Amino acid sequence: MKPDVPAVLETIATTLLTEIVPALPKEYDQKNLMLMTFALFAAKGEWDGAAAWRVEENTALRALFQRATAVVGDPDLAGRLREAADAPDSGLRISALDAENARLRALVIELQQHLETRADGAAADLAREVMVELARGVDRRRIDVPIFG
Amino acid sequence: MVESLAPRIAAWLSARMPGWSNLSVPEIHRISGGASRETYRIRVCFEESGTPAERRLILRRDPPTSLIETERGVEFAAIAAFHDTNVPVPRALWLEDETAWLDRPFCVMEEITGCQTDAALLGVSPYVELREHIGRQKWTILGTIAAQDPQALGLTAHLQVPALDRCWRRELDYWEGVLDEDQLEPEPLTRAAIRRLRRRPPPPAQKLGVVHGDYRTGNFLFDPTGAIKGILDWEMCHLGDPVEDLAWAFNPVFAGPDPGYPGRLIARADAIAIWERTSGLRADPEALAWWELFSAVKGNAIWISAAREYAEGRNRDPIQIAAGWFVKDLQDRFLPAQLEAMP
Chain A
1 MKPDVPAVLE TIATTLLTEI VPALPKEYDQ KNLMLMTFAL FAAKGEWDGA
51 AAWRVEENTA LRALFQRATA VVGDPDLAGR LREAADAPDS GLRISALDAE
101 NARLRALVIE LQQHLETRAD GAAADLAREV MVELARGVDR RRIDVPIFG
Chain B
1001 MVESLAPRIA AWLSARMPGW SNLSVPEIHR ISGGASRETY RIRVCFEESG
1051 TPAERRLILR RDPPTSLIET ERGVEFAAIA AFHDTNVPVP RALWLEDETA
1101 WLDRPFCVME EITGCQTDAA LLGVSPYVEL REHIGRQKWT ILGTIAAQDP
1151 QALGLTAHLQ VPALDRCWRR ELDYWEGVLD EDQLEPEPLT RAAIRRLRRR
1201 PPPPAQKLGV VHGDYRTGNF LFDPTGAIKG ILDWEMCHLG DPVEDLAWAF
1251 NPVFAGPDPG YPGRLIARAD AIAIWERTSG LRADPEALAW WELFSAVKGN
1301 AIWISAAREY AEGRNRDPIQ IAAGWFVKDL QDRFLPAQLE AMP
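Keeping their order, the protein sequence lines are chains A and B.
In this text, residue positions in the first sequence follow my numbering: the first is 1, and each later residue adds one.
In this text, residue positions in the second sequence follow my numbering: the first is 1001, and each later residue adds one.
What the hints contain is simulated information worked out from the structure, not anything from laboratory work.
Any given hint could be a false lead.
Claimed, not checked - Far from chain A by the CB rule (all over 12 Å, computed), these chain B residues: (1) P1224; (2) R1314; (3) P1318.
Said to hold, decoys possible - Far from chain A by the CB rule (all over 12 Å, computed), these chain B residues: (4) A1006; (5) S1032; (6) D1103; (7) I1112; (8) H1133; (9) T1140; (10) L1159; (11) A1192; (12) R1282; (13) A1322; (14) D1332.
Unchecked claim - Some but not every residue of chain B turned toward chain A, in silico, with C-beta under 7 Å: (15) R1030; (16) R1056; (17) P1186; (18) D1329.
Computed from a prediction, not measured in an experiment: that's the story for all the values here.
The beta-carbon is built from N, C-alpha and C at its ideal position, and this holds for glycine as well.
Can you make the complete structure from the sequences, with help from the hints?
See the structure below:
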């Protein structure tokens, strides 16, 4: 059975960090290689959940847009929100999920801009909901590298 | 190879300093950290009037592309302007715009020897015991920078002079423009911050000051006794609201483990008190809150530019990965709470 990708990345990164980095004679090269190993650790952390969090976020944003159609007064924006809410992901490749995520997040910006022009309670509630979802997005993207300890 | 630069630097110095004979560059090392310029530490040996001599220099060369696209002349002018003040800076020696020597323009400064810049060292002995001492100096020096008269320093000849009530707009316009140009994907949180900042502008600057532009732990040299010997990396220096520098230094991405101790040194409240006492200015809470949210926007513009440089293959230095991926991630973690704090 082949080794898991995260295990391979972790082994390589750890070997580089503990054996190769200290053996390099130049400080500049040491620091560069250290940053590269941090990238490997980050890639290792991203590997397993990469598709899952993107699917989760795209689904959450579509649900948000579905609720927003009842609040948004602008018919053009409401129509585009409804269209985005109904469109499924075009595949499970990371590149496809990222492209869809970018499309949805661009629409989030438009939705926020619209809500900021309004003073009513429904708009304020939805604006708060959007911010909560964006904060969740930060947590989903969170990487763990030992660089800022 | 870095070493291949040595004879070219020697040739340039020989032309620049005809009084230096038998000149050689026996040591050259690239210094990591700065992504805006390639920085080299060099040792130069020569004879002057028949007497052997040695100089230790820092050479900063423009990269093929820059994370922070600024005029090298700004940094050189700022360092030269501060040399005879209480703000410690390296001695600025030469600015070379001619690309024939090292392919790209560069500047040269005297090296301040026996010092460190690495913020991680502040967590270990002997520096961990010196944090209070270093912190007090750090904020005193920033207050001293804020107290300067840009005109008296001669900097109004090199830098734009904004009106007091336009300082914020000039900076926000600039960094929003960087985001517009460089973003790789939509950034709803950063865009929300920009709209929030425009809806609630800060009070006008109390004075037009010299803003270092990247004042933080990591951008100054400290020696084993904890004495700060040089403030570095002035390439984002501009004239504006001095509170901007204070807010940038408080950016939580530079804080280390405890955001209440910006730059891993002394408590935020103590830092503000020292800065106010030294600068003679007030860290108005409304202005400070505005500039702190602005710092998140500026930070993200810089990190996103790094990501784009890397993604498009213009600069594959690993520091671009750190900025565009790790630091961007860290900056974003603070944004929701910062937005909530400034409704």
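Status of each hint after checking the structure:
Taking the minimum C-beta to C-beta distance to chain A, about 18 Å, the non-interface status of P1224(B) holds against the 12 Å cut. No beta-carbon of chain A is positioned within 12 Å of the beta-carbon of R1314(B); the least distance is around 17 Å. Against chain A, the non-interface label of P1318(B) is violated: not every CB pair exceeds 12 Å, the least being about 4 Å. Every Cβ of chain A is farther than 12 Å from the Cβ of A1006(B); the closest lies at roughly 14 Å, confirming the non-interface assignment.
Non-interface call for S1032(B) relative to chain A: violated, since the shortest CB-CB distance, roughly 4 Å, does not exceed 12 Å. No Cβ of chain A comes within 12 Å of the Cβ of D1103(B); the nearest lies about 19 Å off, and the non-interface call holds. Every beta carbon of chain A lies more than 12 Å from that of I1112(B), the smallest distance being close to 17 Å; the non-interface claim holds. Listed as a non-interface residue, H1133(B) keeps its Cβ farther than 12 Å from every Cβ of chain A; the least gap is roughly 23 Å.
Its beta-carbon lying about 26 Å from the closest one in chain A, T1140(B) satisfies the requirement of being farther than 12 Å from that chain. For L1159(B), the shortest C-beta to C-beta distance to chain A comes to about 32 Å, beyond the 12 Å cut-off, and the non-interface label holds. The Cβ of A1192(B) does not lie farther than 12 Å from every Cβ of chain A; its closest approach is about 6 Å, which violates its non-interface assignment. Even its closest Cβ contact with chain A, about 31 Å, leaves R1282(B) beyond 12 Å, as expected for a residue assigned away from the interface.
The Cβ of A1322(B) sits about 5 Å from the closest Cβ of chain A, inside the 12 Å cut-off, so the non-interface label is violated. The claim that D1332(B) lies off the interface is violated: its Cβ sits roughly 5 Å from the closest Cβ of chain A, which falls inside the 12 Å cut-off. The interface hint given for R1030(B) holds, since its Cβ lies 4 Å from the closest Cβ of chain A, which is under the 7 Å cut-off. Look at R1056(B): its Cβ only gets to about 16 Å from chain A, farther than 7 Å, so that hint breaks.
The criterion of a C-beta within 7 Å of any C-beta in chain A is met by P1186(B), whose closest approach is roughly 4 Å, and the hint holds. Contact between D1329(B) and chain A, as hinted, is supported at the beta carbon level, the nearest pair being about 5 Å apart and thus within 7 Å.
The structure fails to meet hints 3, 5, 11, 13, 14 and 16 from the earlier list, while all remaining hints are met.
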